[in-house]
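Undergrad: So you can see what is in the structure, the chains are spelled out below.
2 protein chains.
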Amino acid sequence: MLGFTAEGAAGQRALEARLDQIVRAENMDEWMRYIVSKPIYTGSPHNKETADWMVEQFRSWGFEARLDEYQVLFPTPRVRELEMIAPTRYTARLREPTLPEDATSGIEQDRLPTFNAYSADGDVTGELVYVNYGIPGDYEELERRGISVEGKIVIARYGGSWRGIKPKVAAEHGAIGTILYSDPRDDGYFQGDVYPEGPYRMEHGVQRGAVQDMPQYPGDPLTPGVGATADAERYTVEESPTIMKIPVLPISYADALPLLSAMQGPVAPQEWRGALPITYHIGPGPARVRLHVEFNWDLTPAYNVVAVMRGSEFPDEWVVRGNHRDGWAMGAADPISGMVALMEEARAVGELTRTGWRPRRTIVYAGWDAEEPGLLGSTEWAEHRGTELQEKAVLYLNTDGNGRGFLGAGGSHTLERFVNEVAKEVTDPQTGVSIWERTRARRAVAGDAEALARADLRIAPLGSGSDYTPFLQHLGIASLNISFGGESGGGSYHSQFDSYDHYTRFGDPGFRYGVALAQTTGRMTLRFAQADVLPLQIGNYAETVGGYLDEVESLADDLRSSTERLNRLVADGSHRLAADPTETFVPPTAEGAVPYFNFSPVRNAVSRLEAVAGDVDRDFARAVADGSLGTRVAELNGILQQLEQAMTDTDGLPGRPWFRHTIYAPGFYTGYGVKTLPGIREAIEQREFHLVDAQMTRIAAALERVIAMLAEARALVAGTVS
Amino acid sequence: MLGFTAEGAAGQRALEARLDQIVRAENMDEWMRYIVSKPIYTGSPHNKETADWMVEQFRSWGFEARLDEYQVLFPTPRVRELEMIAPTRYTARLREPTLPEDATSGIEQDRLPTFNAYSADGDVTGELVYVNYGIPGDYEELERRGISVEGKIVIARYGGSWRGIKPKVAAEHGAIGTILYSDPRDDGYFQGDVYPEGPYRMEHGVQRGAVQDMPQYPGDPLTPGVGATADAERYTVEESPTIMKIPVLPISYADALPLLSAMQGPVAPQEWRGALPITYHIGPGPARVRLHVEFNWDLTPAYNVVAVMRGSEFPDEWVVRGNHRDGWAMGAADPISGMVALMEEARAVGELTRTGWRPRRTIVYAGWDAEEPGLLGSTEWAEHRGTELQEKAVLYLNTDGNGRGFLGAGGSHTLERFVNEVAKEVTDPQTGVSIWERTRARRAVAGDAEALARADLRIAPLGSGSDYTPFLQHLGIASLNISFGGESGGGSYHSQFDSYDHYTRFGDPGFRYGVALAQTTGRMTLRFAQADVLPLQIGNYAETVGGYLDEVESLADDLRSSTERLNRLVADGSHRLAADPTETFVPPTAEGAVPYFNFSPVRNAVSRLEAVAGDVDRDFARAVADGSLGTRVAELNGILQQLEQAMTDTDGLPGRPWFRHTIYAPGFYTGYGVKTLPGIREAIEQREFHLVDAQMTRIAAALERVIAMLAEARALVAGTVS
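Protein chains in written order, with this note's numbering: chain A, 406 to 1127; chain B, 406 to 1127.
Only chain A is shown next, with the shape it has when bound in the complex (with noise of 0.2 angstroms):
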């Protein structure tokens, strides 16, 4: 077990079966069942009880509990407006029905309603395009057929990227409005029986959600970088970059079925048409919509619930549990199922402190508030204890919705060894193998060669998406999000029906994930707060990256090649020869030659770093063994709680200095999906070749600083040993 003497293990092991004794799935369900009676969106009168009761709750659980309260700005709807006025109209219905088989679809007060917070105000007349994903490779279709969306408005589908990709690359073209719909092809009627016979989007579901540009940074639009106190410096509304410039609305596919069925022009490509019964036309028109929006552009307040169990021997080394605690409506899926298993996970760890036992290290548990307008609560606390939290947090583990399935796992790769051995002791509780046999098994049926061949089944390097992101991608803190799905489907995602009667039929019946969750989270932090010696491990961590370069310079030489394709089939004109002579084509232009970079920086650091890995690995495991490191063992643990931060750079990536991690990044054009070594990935796929040799120089300085902590924590561990 790694960071454990073979005596401490078998010890951690004892105290890991006492805590899968004491979790309770019939205390998650009554507490979601409570949490998610009425809605907890942020600033709404259920969120602050729930809070005020989640305080009371930790306290009783024997931790000191506080609500860190932050003034964010959440606009909340005043004007929804959608009508389609040629060639016919339609007045777009915007509300999701009552239905008699959900408790809490008819709930009226506190509602809100459907919308997408950080919209601009907006009252626009004109023709509507449909975009498809409404992503940067979609509107190369749309040039490709002589198409602009300057002046129009956009349909785009959920899907593809995170939504507030879709407005903003609008914008970027021109367009002065966006309509996000729900296609059936996504999460209705194409995935499964829709609601409530089954769980997917009904007809009149919508996904609510945030549009602001995420990926320059996440928080309160209006305090990027600080802590969004009372008095903090703010920018006006006017002032935030991260603003989205046009309006926005989502809609139901039962409110888009006439404005798409009323278009014309190109028919759509093939992997743009959803599973509408019509042929998908792109436009524009002579569908004509007007779309009027207007916003309460408030400061409210956003309320963390803090619970702080201080560690026996090492108390300045903090533990950080979290999981979100405010959903669109009701929030039962997403947060609630992670939050409530974040709780029977405290209430154990509290229980496990009755008889006398308490954590070596701190362990801090957090229910963030206003993550879904956009990892507001965590962010701000992030920024605002940002120095301490740099100082003492060796972890920070996050949940969010959880599922019945499989086990998924994604964050530091330092990391990666620590999940594995956690997932080899948590039992599944649909087969009674361990949840790392089950998913060894799923990647194995679907073909993945490595999951039969390799060690350590594969985490996922971080995107965004969750509250994950200020601790890994902004401090430098190891992280890791944990979940568990696959099976449970469903299109009830940030609409009316994530209640307590669509999770306990089609979410995870019975709880039985919400256990096998405490119990693989809870591991977790006991783990990292009882190890001797930080339970990281470099060699999975150094394979990884150098996979990542891998993949980096694989992409440089496909793009290359790529480019000299299209450049010849360019200037032979192969492509309007290709083309349909009837139907409006603009043939695409050359591209500049990719030129060769310089890997070398890169590489050389990461064949440094793999050359040392395993022997580092090997010293670290010797030292615990022995247990010889003495009270070094604090100062070894001061350079390995450093070591992620090690990977980041104080400057930030081009153009969103708030996302300082070398290794990880959202990227700029997906949103939520991971861009690995994003400095140099994402300037060679944005083809802007001048920034690569800089990036480069510092990736392999963030890579040589860990190799100098690691040669550093070598040195203090063979000093020991000797």
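Think of the hints as simulated: they come from the structure by calculation, not from any bench. Glycine included, each C-beta is placed from N, C-alpha and C at the ideal position. Treat the hints loosely; a few may be bogus.
Stated by the list, open to error - For the chain B half of the interface with chain A, some residues (derived, Cβ under 7 angstroms), not all of them:
hint, residue
1, Arg500
2, Thr503
3, Gly579
4, Thr684
5, Ser839
6, Ala846
7, Ala849
8, Val850
9, Glu892
10, Ser979
11, Leu982
12, Ala983
13, Asp985
Claimed, not checked - A partial selection of chain A residues facing chain B, derived with a Cβ cut-off under 10 angstroms:
hint, residue
14, Arg429
15, Ile683
16, Thr987
17, Pro1059
On the provided structure of chain A, position chain B as indicated by the hints.
TA: Just chain B, lined up with the frame of chain A:
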């Protein structure tokens, strides 16, 4: 120019330039309008009227023309009933509507309703099971879900294979009936606007078609291997091995929607889901249907139009040029678009003779009857006159439906270079470049690296689906199949709406590609008629066969490793662990190991063939160029005429002796889709490993025969030029 001296080539080009000038779109338009004014299925009055009219036309152009008549089994429906009896009632409409935009859609006289020819008579009632395309892989998915079709009625969508495969495989699995329908995903609104707004299949459109077991043998089900003359020995209907053993009926998606909507059971795999606005369920049931069909099992005369222009120098060397002339309903695109191009080509050839020119070889134009029910007209003719054709035919050149767009060419790879030479000299009517250049551009843009690097565009190997099959795969006559398409789109196939109105709006407005087709096939016909030496080329053939062998070797290796992987996962129980325990799942069982096969006989033969191919081509070219062959040219052509027959095996393929070609065959489970080196490829695919060695020997022997004939030909040439 292959087969011509420089001087001969100049004369040939002049002849072809005159051909180009003679060909007129207006004739094709006028003839199509007449031919498709009434139904032209086999046995219809207008079928015979147009046959007689065609004979008159050919005679007027200077041909000796006649009708060659056979008596074939062509069942037509007496009863067609389909009713859903649970959980609700629905009576299928089974009728295509009258559209004001389509002048012949309302025709009543001699109208052939929607049905599948060679369905069994039957009156069956059972639960429905949705089987996707109904091909073998789909039944593996059913097996994983524990679903049997035993005693059930399957509903399968068109596509994924030739339609006759679907009831055959259903019956193999115990189904008692088969319903075929056209999903809008495949040729309806998902693909584009539906008729009459656009070319795609409207909700009541139905695809008719034959469903006998054609991969056993095509043609009259009662007379395999012999011409269906009046006095031929015949199977009874009951004895015929190819007539389907269960009832089959095709329906529209308007008729399919109530049935599919009423189904429950597991949600269909993603790849199975069509474009109807429902969740696709597999069943079985609760939808139960009654399917009742009965047929008139009558012999019907099939009239092949045969028009001969006797060769002036080599009357016993025949260029056979055919297109079928029967259609399921009006048959505008399929087949009259090709038939009128053939007629215009023939008229032009006739016109050329008015100035005293005569073809050196005999040209035989054919308008086949009864292609739609299963290549009956061509097959009976080829069987009936097999010996003479094997002695005399130097080429079978086929066309069928034609459309707008790009050259499509398939056939014997000894003709690949010839096709390329011709394609470089025909002008694309839309772009003004050659049809070769336009097709090359399209392939290059689609990412085909060979389109930029290889001297010749590849032609496709032929499976089945049109009248080349008896010539190529039964008799071993070098064959080509030529068409244009890719820009017509549409879903009129085998429906009442395959009409003059549809074709002239969406198929090939102005018959511009009809002209291109006549110019292309006209060149081919005339070059084969006029060449000094038959224009075969061995280099591309040898390389292509070598490539097929590479494919089959890879197939064996891939099947071996996938079997090993499967068996490992079966042994460790991964499939069970990866499955959702709340759903029925039957894990796959272990498969027998894939042995290593002795590819050396074929590899050695291919290697020898590749070694001599270049020299053969050079020797032939030199002999043609210096004209030194003298009268021995007939002897050389005699060898070349036999070359394709050397590739056939008199015992045919395992279980289907009618198919004799060792290089090309339609797949036993694809129906139309080609299997190259079928003897070994299908034995490996179908895991009949015990068949491989004997088939390997047969293919090697065929290639050795080719090599020996080429050696003989070279000796002949060398003796001449020395």
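Undergrad: Taking the hints in turn, state whether each one holds.
TA: Hints and how they fare:
1. Arg500: Result: violated, 21 angstroms to nearest chain A Cβ.
2. Thr503: violated (23 angstroms)
3. Gly579: violated (28 angstroms)
4. Thr684: Thr684(B) check passes; min Cβ-Cβ to chain A is 5 angstroms, inside 7 angstroms.
5. Ser839: violated (10 angstroms)
6. Ala846: At about 4 angstroms, which falls below the 7 angstroms cut-off, the nearest Cβ of chain A leaves the hint on Ala846(B) intact, so it holds.
7. Ala849: holds (5 angstroms)
8. Val850: Status holds, d = 4 angstroms.
9. Glu892: Holds, about 5 angstroms.
10. Ser979: Given a least distance of 4 angstroms, the restraint on Ser979(B) holds.
11. Leu982: This hint holds: Leu982(B) lies near chain A, its Cβ roughly 4 angstroms from the closest one there, short of 7 angstroms.
12. Ala983: holds (4 angstroms)
13. Asp985: At 5 angstroms from the nearest chain A Cβ, Asp985(B) passes the 7 angstroms test, so the hint holds.
14. Arg429: With a closest approach of 22 angstroms, the Arg429(A) hint is violated.
15. Ile683: holds (6 angstroms)
16. Thr987: holds (7 angstroms)
17. Pro1059: violated (32 angstroms)
Of the numbered hints given earlier, the model fails hints 1, 2, 3, 5, 14, 17; all others are met.
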